[in-house]
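> Heads up: the sequence lines are chains A and H, in that order.
Just so we're aligned: 124 in this note's numbering is position 124 of the first sequence, and the numbers increase by one with no gaps anywhere.
Just so we're aligned: 48 in this note's numbering is position 48 of the second sequence, and the numbers increase by one with no gaps anywhere.
If you're looking for bench data, these hints aren't it; they were derived computationally from the structure.
Think of the CB as a built atom: it goes at the ideal place given N, C-alpha and C, for glycine as much as any other residue.
Hints may contain errors.
Ranges of calculated distance between the beta carbons of each label pair, as one might list FRET restraints [what the hints assert, rightly or not]:
#	chain 1	residue 1	chain 2	residue 2	range
1	H	Glu18	A	Ser146	22 to 32 Å
2	A	Asp191	H	Asp387	15 to 25 Å
3	A	Asp191	H	Arg555	32 to 42 Å
Some chain H residues well away from chain A (every beta-carbon gap over 10 Å; in silico) [claimed, not checked]:
#	residue
4	Thr110
5	Val244
6	His350
Given next are the chains, with one letter for each unit.
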Amino acid sequence: MMKDVSIGRYVQGNSVLHRLDPRVKVFLFILYMVTIFLADNPVSMLATLAVVLFLAVLSKIPVIEVLRSVKPIVFIMVFIFLINIFTIRSGETIWTWWVFTMTLGGLRKAILLALRLLLLILATSLLLSLTTTPLKLSDALESLGSPLKVLRVPVNEMAMTISIALRFIPTLVEETDKIMKAQSSRGAEYDTGNIFQRAKGYVAVLVPLFVSAFKRAEELAVAMDARCYQGGVGKTKLHPLRMKGFDWMWMAILTVMAFLPLVVDFLWNLK
Amino acid sequence: MNPEVRDISEYGVAVKAEDILFSYPTNSGEDVVAVDHASFSIKKGEYVAILGRNGSGKSTLAKMIDLLEFPDKGKLSVFELDASSEDHFWSIRSHCGMVFQNPDNQIVGTTVEEDVAFGPENLSVPLPELEQRVEKALGYVGLLEMADRQPSSLSGGQKQKLAIAGVLAMQPQLLILDESTSMLDPKARDEFLQLVGRMRHDKGITVIHITHDMHEAFLADRVLVMEHGKLRLNGTPAEVFSQVEVIRELGLELPKWAELLYEVAGIYGIETKESDFVSEEIAKAKIREILMTPVPEGVKRQVRPCHAVSEQVMLRVSDLSYSYEKKGKKTISDISFDVKKGEIVAVIGHSGSGKTTLISQLNGILRPLEGSVEVWDEEEKKYISTDKNADIRRIRKHVGLLFQYPEYQLFEETVAKDIKFGPKKMGYDDKECDRLMREALPLVGLSEDVLDRSPFELSGGQKRRVAFAGILAMAPDVLILDEPAAGLDPAGQKEIFGYIETLRDQGKSIVLVSHDMDEAARIADRILVLKKGQQVFFGTPEKLFSSEHEYLSMRLDCPCLIKTMLDLAKDRPGLDPLIFDVKEAAQVLVFGNEEQAVPTEDAGSASSASGSEEVEKS
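With the hints as extra help, turn the sequences into a complete structure.
Written as structure tokens, this is what we have:
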């Protein structure tokens with residue numbers, strides 16, 4: 001029932017974006033952020049939109065899933081749009097009513113900003129959350145962060161921590177469900193009464209949950225010791241990240257694509 | 001800094017402990033001695049069981065062998081290497097594997113194969129070999145097709161097999177099982193033990209098995225028994241278990257067949273010998289031999305007191321069905337049964353048969369989708385239903401539900417507050433709460449000294465009792481108990497079942513979910529069997545086990561005692577072997593079945609069993 005909780009919104013698949021080395025995806029993610037921020041006129045924004053849509057096609061993620069990932073920010077988008085459209089006054093006035101004035105410049109800016117936010121979220125979802133499992137992402141960060149080891153940053157241990165946290169989320173969700181049922185058998189209520197009574201209800205869930213989480217942590221540490229864990233030093237990996245021809249090729253293609261909006265913009269301005 | 005691992009193929013002794021001592025400080029400032037001057041040795045390839053009550057130092061001992069703890073005093077060597085020397089640390093640890101009690105708390109990987117790889121990864125096993133080891137280990141335990149699955153999607157039994165695979169991939173010489181089977185259901189437990197047996201046979205691995213299960217102990221070559229950190233007994237299972245009184249005093253029990261032998265011999269006043277306890281077959285032969293001789297004069301049949309069940313139905317479940325998704329498959333369907341006042345109904349079935357879903361319906365945590373659950377209200381003389389419009393608090397006043405491992409629900413600062421949490425929520429005033437709390441304490445063998453202590457500083461068994469008291473303080477008429485004795489040592493389990501019987505005698509109605517077929521059959525008036533969400537049987541234990549065909553088709557195991565009794569009854573026509581209590585079974589073997597209320601006068605004529613039905617099967 002609550003067992004198949006997943007973190008992020010990973011959608012299983014076998015597309016190019018799913019198979020791509022996660023480090024490449026992190027790199028491309030940064031690159032596309034820059035591209036999106038650089039797009040400051042309708043032409044380059046449209047070109048960026050085209051590129052992001054290309055990513056969406058490449059990911060083979062159902063449209064409904066893509067839309068779902070955008071849903072939480074629709075409100076912010078509308079808010080940004082409205083703020084900009086009525087506060088920026090430049091160029092021709094197209095519409096006024098009471099204190100509200102809409103100008104051509106404001107409209108342009110508002111569309112641009114809302115679109116930029118939309119593209120940012122789309123690019124993040126398509127490159128990372130929808131096509132990359134949290135574990136692979138943590139692998140990528142571990143690998144990309146390895147130069148930091150020189151500065152004595154415990155990169156391997158951090159990655160191990162993230163991966164254990166991911167591993168235990170379903171376990172703790174299940175446990176929460178169990179404790180809630182046990183406490184409600186004793187008459188605890190979570191959805192009635194005023195806010196203090198409700199908070200009190202959750203104390204009866206949170207305390208046992210924490211106690212058990214600490215106990216689990218302790219036992220897990222012993223179990224890891226027993227399996228000869230000694231930090232990242234000398235540790236080999238079952239599935240090491242390895243760049244193959246496929247990864248290099250798509251990295252090149254998608255890097256070129258990231259520059260496309262700039263090129264289009266430049267050519268447009270030449271005319 | 002790869003660990004330097006020594007070749008240990010030449011060693012002959014796996015573990016040798018000389019006078020080892022381990023103590024740890026507590027909050028009160030006093031040191032607790034967990035292992036007290038223990039000396040023993042374990043040969044290569046041996047299978048050793050360690051028994052003892054909870055907190056007797058078994059786990060600490062095992063941890064010292066895997067260098068997870070170090071003795072304060074004494075000399076410990078593993079594979080003939082000195083355990084106190086830093087040079088041998090990785091040599092020893094990498095050749096020891098440990099499987100712990102809680103399957104969830106030892107899985108590290110986010111996928112099954114990654115978890116198996118964790119050990120060898122730490123040992124710096126390079127890639128092509130790493131992959132081969134993982135594949136081989138998963139293949140060996142039969143989880144290969146689940147390699148990509150998330151560990152949380154596995155069953156408890158599969159998780160423990162995964163833990164074994166993780167150990168196997170490290171190619172250990174010594175396997176330590178720390179109560180690894182205690183959270184598994186009987187089927188998963190059998191599979192797990194078979195796997196361990198196979199590993200011993202194929203790889204010659206030395207096994208140290210900490211357990212509370214006496215049948216498991218009998219599989220071992222040797223048994224060590226601990227008490228308060230001291231090694232009390234050390235010998236073959238027969239040597240150890242023939243000292244019946246000592247075993248009982250140490251808080252352990254005997255396998256049912258051994259207990260039966262002891263009881264039968266006891267009636268005749270015969271001393272049992274070590275050689276009688278070598279195996280079940282030998283014990284049965286001994287019982288037959290004893291029964292040939294005439295009963296000594298003056299020995300009378302003892303009659304077991306029987307309890308009365310009133311006709312008042314307290315809980316009535318009719319055609320109950322439920323599914324978690326609206327149009328999904330039904331988790332349970334068409335369940336109908338009732339529980340009378342002063343009656344125990346046992347619910348049995350494998351993991352995933354819908355037991356938890358069923359009991360969650362009984363106090364309104366889940367509401368029925370189809371059918372109904374009704375609870376008798378004594379004051380208003382009518383049934384109240386748990387349907388959507390029900391006042392859930394009123395139902396919970398009548399029906400108390402204690403989930404599995406209830407010690408996890410403790411959360412208050414003091415035991416007193418925790419026990420009073422339920423009654424308070426039920427709307428009783430402070431004085432009333434206090435009275436209910438004090439009434440509940442003796443029912444689970446707690447004294448008032450614990451009231452001011454924090455529940456978190458109590459032992460596991462005591463926490464269990466506090467949680468039990470928390471439900472009893474709500475003064476329910478009907479108690480739903482989900483595996484109330486799981487994970488406790490034999491003496492602790494016996495105590496819990498004792499409390500349950502007392503509660504029943506006081507007129508409580510009890511629904512008991514249990515894996516322990518012997519205990520369920522002994523204690524229950526009626527048994528409800530679930531199989532894949534369907535009710536396949538509801539009736540008396542005698543009826544359930546009277547037809548082998550029937551209970552086997554439900555994929556149920558016969559109680560161990562009944563297995564022994566059926567065999568013993570083969571050459572004794574007319575004897576009804578379906579007796580679920582060991583003492584009573586011994587009486588029946590000696591004196592024959594009798595009407596319970598009438599004590600027999602003619603003690604000598606054992607074969608003229610009166611009042612028994614024709615139950616002989618071939």
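> Are there hints from earlier that the structure breaks, and if so, what are their numbers?
1, 4
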